[in-house]
Structure formats: C-alpha cells, structure tokens
Amino acid sequence: MITQAEFGLAVILFLSGALLSSHRKATYILAFAASVLVLLLGVAGFTSNGTFWQYTLLPGISLRLGLDRLSGIFMVMAAVVWIALALYSLDYSRLYPHKSLSAGFNISLLGMLWILTARDGFTLMIGWEVMTVAAFVMMLASGKYYQQSFRFLAFGEFSFIFLLIGFAAMYISSGSISFEHIQRGGMLFMVFVSLGFIIKMDIVPFHGWMSGIYGEIPDTAAAVLSAPVTLMGVYGLERIIPAIPNSEAWSLVLIVLGAISAFWGGLQAVAANKVRLLPAYSTIENNGMILTAIGFYTISKGSIDPSLHYLSLFAQAASLVLALSHTLSKTLLFMSLGHAKEAYNVHTIDEARGVWSGVGKTPALGIVIAALSFSAFPPLIGFVGEWMILETIFQSYKFPGAATAFFAAISGVLTAMAIGLISFAMIKLIGYTALGYDHGRKSQPMAKTWMRITETSLQLLIIACGIGLPAVILFFGYPELLSGLLGVPKPLALVSGQPLFGIISPTFIAIIMLILIIIPILVFIANRKAVRKVHSWNGGIPLDEQEFFTAQAYSQILEHILRKVYRTREVSLGMHRRIEVEDILLRPIRSFTKLVQKLGEGEALVIMNGKISAYVTYILILFVLAFVIGVIVM
Amino acid sequence: MNWWPIYGLKRRLTERTAYGSPVTVGRIPASRFGRSLFVYVIDVGSSNALNFEIDALESPQYNIHRFGIYMTDSPRHADVLLILGRPVKAMIGPLEETIDQIPRPFGIIVLDDCPDNSARLHYADLPNVIAEFKGVPDPSQLLGILINCLSVNRK
Amino acid sequence: MNILIGVLQREENEYLVVLKDGKACLDLSTGESTEKEYPNYPLLKDRNLLIKGDPVSGYGVFRFRYGPVTSGLREAGSFSLYTYGEKILHATIDLNWKHREMEESMTGKNSHDAVTLSEKVCSNFAVSHSVACSIAIENAMGIRANTIVRNWRTVLIEAERIYNHLHVIYKLASAAAQKVLASHLSALFEESLRINKALSGSRYLMGINQINHVNFLPDFSTIKKIISDYQNLSIHFEKLYKHSLSNPNFLDRLHHAGMLSRNQALSLGLSGPSLRACGLKDNLNGTTGEHLISLPVVTQQEGDSLARMETRAEELVNSCQFLIDHLKVSDIWDADSEAERPETKSQGEGVGISHSPSGAVGYYVLLRDNRVLHLRMFTPSYPGMHAVSEALKEQVFTDFPFVYDSFGVHFTDAAC
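Just so you know, the protein sequences line up as chains A, B and C, in that order. Take 1392 as the starting number for the first sequence in our numbering and just add one per residue. Take 8 as the starting number for the second sequence in our numbering and just add one per residue. Take 35 as the starting number for the third sequence in our numbering and just add one per residue.
Just to be clear, a hint being listed does not mean it is correct.
[Unchecked claim] If you only want the chain B side, here are some residues facing chain A, beta carbon under 7 Å, derived: (1) Pro101; (2) Glu104; (3) Thr105; (4) Asp107; (5) Gln108.
[What the hints assert, rightly or not] Output of the computed footprint for chain C on chain A, the stretches with three or more beta carbons under 8 Å from beta carbons of chain C: (6) 1881-1887; (7) 1918-1932; (8) 1962-1970.
It is worth saying that the hints were derived from the structure and are not from the lab. Model, not experiment: these values are computed from the prediction. Glycine included, C-beta positions come from ideal geometry on N, C-alpha and C.
So here's chain A without its partners, still in its complex pose (with noise of 0.2 Å):
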C-alpha cells in the first residue's frame, strides 16, 4: 500500500514539475521531492519482492511494476544522484532557463523511475522511450547542435528497436514477457536484448551519440546522458542477462567486447582536449568494465564449484561497486567541470585552467576527487570498483577450458592498460583544469550556494562510501565477501576469491593514513617557520602564460607512441603547426551520418519538389489507397 502511494506521489510529483516547467525553481524543487520519495521506494524494495500495480492493456499484455533487491538498489543509485542534480539545478538552471531542459529533466527522471519498477519486457520499453525523448528534449534546451540530438535520438532508436525484436522474440519462444520467464527467452532473445542495453551503455562501437555531450548542452544534461541513463543499460543487462542458462559463448563476447570498450575509451580520453570530451570518454570506459563484470558474473553463475560460485558473487558486486562508483563520480565530474566551465566560459582543458584559485575550492576539489575515483586512488570507491574487475580477471585460470582463459586473458590486458591510460588523463584534469595556475583569469560571479552544497555532498559521499566499504557490500547483498585477515578485524576486509586470492580494506587504510598523518602533522606545526613565496623559476624570469606547458603537449608524447592508433597527423602552414588525431571508431558512423544526410536531401528534393503537379499526384495515391485498405478491411 504505502510502496503504491509512493510511487504515485513520486509520478505525481514528476508530471507536475514538467508542467510547472516554466517557474524554473518550482520544477527542480518537485524533482528533489519526487527523488526523495524515489529513494525511498528503493530502500522499501529491500525488503519486498513483487508487483505492486497492474493495468492489462489489452488481452494477453499487461503492465506490470513492482520491486525487488536489484531493483531497490539501482533506485537508490539513481535516486542520490538525482536528489544531487536537482539540488545542483536550482543554481545552475539560472545559465540554462529554457523550459525544455527542465520538462525533459523531470519526465526523463519519470521514464527512469518507470524502467526501475517494470516487471516485464513491454513496461520497460514504454520507460525506455519516454527516458530516451525526455533526454532527447534536455539536450535541445540549448537551441542549437541539433545535429548531435538527433544522433543521440537515432541511438536511442536503434537500442530501442533491439529491445524490442529481442522481446518478441522472447514472446515467440515463451509466449510471456514477464520477468518471472526470462529463463526461457532463448538466445535471440538474449543477444537483441544485450544490444539494446549495450548500445545505451556506451559500449564501443555503438559510442557515436558521446560526441553529443560535448556540443553546447547544458551540464546538467550532460550529467544525466552519462550517469544515470547508462546505468539503465546496466540495470537490464544485470536483470537479464544472469537469468539465461548456457549464456557463456555471449558472457565470454560482452567480456571481450567490454574490455575492448574500456580500452578505447581509455585510449581516447588521453587525446581528449575538450573539458567535456574526456568525461564522455571515462563513460566508455567504465561502462566498458562493467560489462566485463556482468560477463564473468555470468559466465561463472550456477556453477558447483564453491571457488567459482565464490567468484560470481565476487564479479557481480564489482559490477555494482563500479556502477555506484562510476554513478556518483561522473556525475560530479560532470557537476563540477560544469560549475568551472560556466564560470570560466570555455570550451577546452588548457583554457579552463587553474579553478581552485580562479573559481573556486569545491568544484576544484570535486574535479580531484572526482578524477582520483576514476583513476583507482585508495581509499575512494573507484579504486574499490577498479581492484574488484582486476581481482575477477586474475582469478579467471579457475574456469576450464582453453577459450575462456584466452579471451580472460585479453580482457585483462586490455583493462589494466585501460586503467593506465584512464589515469593519464585525469591526471591531466586534475592537473590542468583543477590545480593548475589560473593566469589571472576571472570567472564570472553566479549563484552558487547549491552547486557548491551537492558539489560537497557527493565529495563526501564518495570518500564515505570507499572508507565505509563494508557497508557498501552489505547493502549490496554480500556479507560473505567481507571478512578479516591479518589484524584487520572482521568485516573490514573484502576478500576476491574463496581460497585466499586477494584482500584489500579501504577503511583500514584510511584509519592508518589518519593516524599516521598525527605525527607529521605536530612535526609541521611545531616547526613552522617564515614562508617565503617566489616565483616558479625558469631561467631567472618569471613564466609568462604562453611559456607554460598546454595540455596538448601533455598528450602529445602518448599521441605520438600511438600515432597508427590515434593516426596523428601533424599539420603546418607557415609559422603555424598543430596536431590532429582521430577516433577511427567513428568513422563508419560519420560515414553513414552522411549518407543519410545525402539520402534524405535526395529525397527531399525528389519528393518536396515545390511542383503542385506531384503535390495533387500524392493526394490522389493517398486517396486511392484509404480507398482500397477501406475496402480490404471489410
């Protein structure tokens, strides 16, 4: 009953704040509302297992929503992430007034709110659209790089027509789709639904639509485009992909497939130079170690070895850990970048430098920590999530057979340098945009006080969330990976393999660094002395802003090492020299961008031609045929 009335007030709640849209504060305060009562539906789902609503559409389909365990905690996910975005709104939504980004906000919120509850296939595809045009909305609010929105949309599309074959599919072979009969979907139906969800996810190379985020939307688009709706993605594929038996030829392909994704995405952030391009691509990348989690999770569910059945449990809490990791650290990636880039007014890395003195503390301490999350620093729950896909790799020698330690093996490979190239370039976020010299640049004055107070807050969270590792694992629903070892009391430790693999304990580590750093601390204090500022020293002037390194050059020397990968070409006219690189994998989607292009400007010259002869003729073929369906039909 009371799971019902929530769920109502919630939609309520969202509905009204799309129709409110144009009383900008009133929208994102209903938002926070509704994400509250979202919240709090996600926590109830912990404890019940069910539909709560059913509506038959029509004989043989019906509408179902309920709540279960997983459910429950991707809710909550969802649910403090958009509790924090709507916060951030309030402020920032004074840069971005138009009403599309407010009414898309909150009924791409419902549509996610939607996918969470349904309890069948139709369910979640009616969510899956009303999120993907709800976004799709959000991103036109700027009026402007339409063509990057309809990129998205025709992504959207294509995720949502694999959806929908693989669904019927599902219908053909089990006559149902209701979640209760996943079991007996059958391999069509598994391999069109992974698409589907793939594609939302950002897996390479279905990662066209990224290059949207980095036209002109507004921040908060870019945040909920790149945390929340490929958490989606990850959502179905967690729902589904488990519950099919004999799935391990598909498990070892979304490995590889994931790990090649984390690769890339890796790769290309390195040569990323605009501010956000680089998190679009730490998106792929994530989410590309996502699905390596889900694919080993999968491939070693149901197994009767206890070591393997260990290792399940083990993947499927990394894929969480790093959804949740990558949920709250995108987004306030996203969140901070947007705070400097507005202030600043800049489009690149090396123009949008120095934010901790030129903007400010928190959006500069939300970038480091942000950026030190993604790039596996201990204690923060990035590292957690980063150690936990490693860990699940190195155990992969448990699984017999020759193909899959191959295959485990190259997913390794490529992750652990997907890690490495992903902390090269947050290292040239942290670098550059948070802690670099400002060069005297000002940021304009805006109103801050909420940006600044989620900003903290999913500081905070992170940092609370890597220490408190252990309740994190517990709300997740695995009390048998904690345990202690060594002097670390029991349940501060995660353990990866069951016997003794690998054993790491964030919040041991964070209580060591706390009392180790006592002494250093009274050292500091005790001796402080005069300090005397200089200049940086180069060569007996001070560093004038165009002798300081850019950011490209940083790149420049991996961009160099990679030129076959990256096909670095090196343009010069005259006294003026500069690098270009590629991301290849776009190719076959710029190609195929352009021939539809060309196509619908044919058409439309053919068919539009401005000629009232051709006009009449399609009236008259329009008449002729409601002429003849009319008479079919009786």
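Following the hints, position chains B and C against chain A.
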C-alpha cells in the same frame, strides 16, 4: 686499450696539493653548513674565461667532490652563489630574481674579470658578499676560495 | 671558395669583408650581384641580436624558454623553443643578454689597448680575436708582422684550437652520458690549459700577441717539456677517441642529430669545422700567413653532430702533431731584418681574418692618429647561432645539447 677502471686508476690524475685562498672569505650570517658546499654558478656578462675555468674546475685533477663541493643545477639548492663577470644591463633583473630564489642563509662570491673597465656596470648592493676576486682566478685559486669558505663557515 | 665574413657601412658605401684564397679583402658591395654571389649576405647585412624572432602559433603550441640563467648553458643567453610536445618546431635565440658593446668600448682606444681588449671579447678565442685585430691594425699601418711573430701566432692559434676542440668533445661526451669518457676528456682539457700556461704564461694565451710583437717566449727547456706534454696529450686522446667510437650508444646519439645540408651551410655563411663537416673546404689555414708544414684540411660528409665531432677530433690530432714539429724547430726562427721595416702609417684602414676553432674571425679597423676611429668585428658564432637555430628544427628536446654543443659557438662571441 685497457679496461676502463685499470686505465683510469693507472693515470692517477687527482692532485695532492693544498689549495690556498688568495682572498679572505667572510662568514655567511646564520650559517649552518656542515661538511658540504653547494654552489650555483651564474654568468652575468663574463668574457667566457671564467666559464671555461669552472669547466676546468670540474676535472679529475681537482676532484672537487672529495672536499664536499658540488655544483647545483638550480639556485634553490644552493648555499653559495658564484657570480661570474660584471653584469650586462639586461642581466640585472635575472640576477636579482636568482638571488631571490636562493634559500636563506646564503653567501655570494663575486669573480670580477674586468676590474679595470670603468665602462662596465658595477654591482649595486649585493647581499651577503663573502668574497670578491679581481681578475680570472686559476682553478686552484678558485678551489682555495671555496675550501676556505667551507672551513670558515663550518659550525 | 670565397666566404663573406662581414658587411659594414662606411660613409655612404657598403663594404664587404671577404675571405678570398686565404686572404682578407675589403670589397665594395654591388647590391644585387652581391646577393647572388654570397648567399649569406642578407644574414650579415641585417645583424639582429634576436635570431629568428618570429613566433610559431597553433593549437597546443607553446614557447619553452631555456635561459638566460640555466646550469646547462651557463652562459647568459636564452633559447625560446616552440613546441607542441616533444619536437622543437622553431628556435629563437636571444643574444641580448650577453651584449657587452665591445665594439663601442674598443673605439677611441689606442691600437695597443684595442688589441688587449679584443682578447676579452671571447676569452676562449682570445688568440684568434687578437690576431685578427692586430693583422687589421697592421694592415691599416701598412706593415707586415715579422717572421717570429707570425710563427708564434700560428703556434698560439693551433694551441687555442686544441683546447677548444677538446672542450667541445668533452661537452658532447657528457651530454651523451658517457661519464668515464667525459672525465678523461676533462682531464685532458685541464692538461691542455696547463700547457698553455707553460707556453705563454696565461692559461688562455691572453696578453701575448701584440702589434708586430709577442710578449712572452718560453725558453728551450720549457719548450722540450711542452713538446713531450703535447705528445702525451695526443697519444691519450687518440686512444680514448678510438675507444669511444666503438660505443654504439654514443655514436647513435650523435648520428643524424642536427643535420645541415651543404646548401644550408653555404646560405648561412658558415666557416670552420661546421662547414667542413658538410664536405666543403674553406681555406682559412693560410690566414695567419705562416705554416712550415701545411695543415691538412679535414672534411666529413654527413653534416650532422657526429661529423662535426669527427672533424674536430682529426683537426685536434693534426694540430698536436703540427705543434710538436713546429716547436722542435722554433729555436731557428729568424726575425726579418730590422732594416727592411717600412714606415708605419698612423692612419688608414685594414681588415684581418684569423682561423678560430669555430670558424673565421674578421676585423675591420679604421685608424687615425694611431687611435681606433671605427672598428667592426665579425665573429664565427653569429652565423653559428643561426646554424644552431636552423639545425634545431624538427629535433626532439633530448637532442638539444648534441646540436648546440657540436657547433662550438658561444653567446659571448656571438653577441660581442
């Protein structure tokens, strides 16, 4: 040719003389130097003889490292600044910046290679000048100055 | 091959100081045909203390300034290297930090003081500068130095060549992190400076050469010791050098670093080892006017840092041998008979060119009442710095010391 260590040891290049200082070296205020001296060399307008003498000073015959004398790559690591030559006007700014970058306490040794040339600028108000030599010193004289600096300032 | 050494303006005319067949000549410039005949004419005509000052622009391009106070260069001079990462796109060299206005300080001095001051322009090229200056003044006075002076000048110039070449090779070895080789070369360098002191009373051979006069002559027993010291130096150097060439790492770092083509070398107006490393012969050897045994002109073909080092190593050994042979017979040098000395004029103009370790040093002097009315000097480091800037294009940062050190140029000499 012999194996390197044999070849080198047979040459016996390092001298065994005592190096005397041609000028008196003062004490650096609040000095706390132990057994080593780190020198940063800056050329502000010399005629290059001094530069070559510094290169000669780093040869095995003098073997300055056995006395604990090292040339640094940055003024921030230096105890003593060794100024070569009379400054060109353009170099006064960089010289002041260099002096600003040396951590306190420090000392300055000036080697003035054209003492008779009144047309060149003279130093104005250099802080902590502990020794000044007029002319181009031999490396043995320069080494004597540096060793004297070490012994005068040792606690 | 004629090389244009300097361009100067006097009254309304433009004059060219040219090295023709081993002799210094002062020609009147003919505008257009001068440009065709001497490809380095534009470079010398507009002498600018900021070499290649035009900047490079582009996305990600920044200017990396090296200098004017660095421990790597130690001289006061700065390089502005434009780059977008590893590669040097363009190098701007700023000579203003070392511009000590030596030409102005030498103007108005009497000829004796002018020669003394010329040694202070660049003290490691002290003999080359003072020989060129004194030859120019002697020409202006209408006299020619006597045999003893000419012979000693030749000896001193070759002694200067020896220690400078040792210094260049020492710098290249330490840049390539060949520490043992560098230490031994450093010992030889110090040894050569001590021989200089025995030979002339000054480690840099300063204060010896004067107008038609040398101030200090070592006695016979000292000369015997000097000869045996040079023999030891030569033997040790040859051993070390041959051994170092067997190290592929050392060779690899120098090979193809800072390549200059023949045309580039000609258009820059290089002379000395940098030109000869590109395969072209200049005839600077005859400029001091006296060689008992002709020194062979050493050339290499590649025009890279390795070629420049090879040229210098061979010249070094040749010069040692030359000195040994020359000094053995120094006791039988005869002065020209005093009676043949012509009257010296107290005014006139003259040019002098000498063969410094890095190329040709040229002086133009206008004398009046035995005082310098107008003086211009043309140093080898000025085109040398242009060559460094040219050779640095498209090199990576790690090859910077190999390119710069291999030319043997100095900011002190270039900026004068």
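Against the structure, the hints:
Checking proline 101(B) against chain A: minimum C-beta separation of about 3 Å stays under 7 Å; hint holds. Among the interface hints, the one on glutamate 104(B) holds; its C-beta lies about 5 Å from the nearest C-beta in chain A, closer than the 7 Å criterion. For threonine 105(B), the interface hint holds, the least distance from its beta-carbon to any beta-carbon of chain A being 5 Å, beneath 7 Å. Hint status for aspartate 107(B): holds, given a least beta-carbon distance of 6 Å to chain A, under 7 Å.
Among the interface hints, the one on glutamine 108(B) holds; its C-beta lies about 5 Å from the nearest C-beta in chain A, closer than the 7 Å criterion. Only when three residues or more bring their CB closer than 8 Å to a CB of chain C does the claim for the region 1881-1887 of chain A stand; here the count is 0, and the claim is violated. With a threshold of 8 Å between beta carbons, the proposed coverage of the region 1918-1932 of chain A by chain C holds, since 4 of its residues qualify and at least three are required. With 5 residues having a beta carbon nearer than 8 Å to a beta carbon of chain C, the region 1962-1970 of chain A meets the requirement of three or more and the stated coverage holds.
Of the numbered hints stated above, the single one contradicted by the structure is hint 6.
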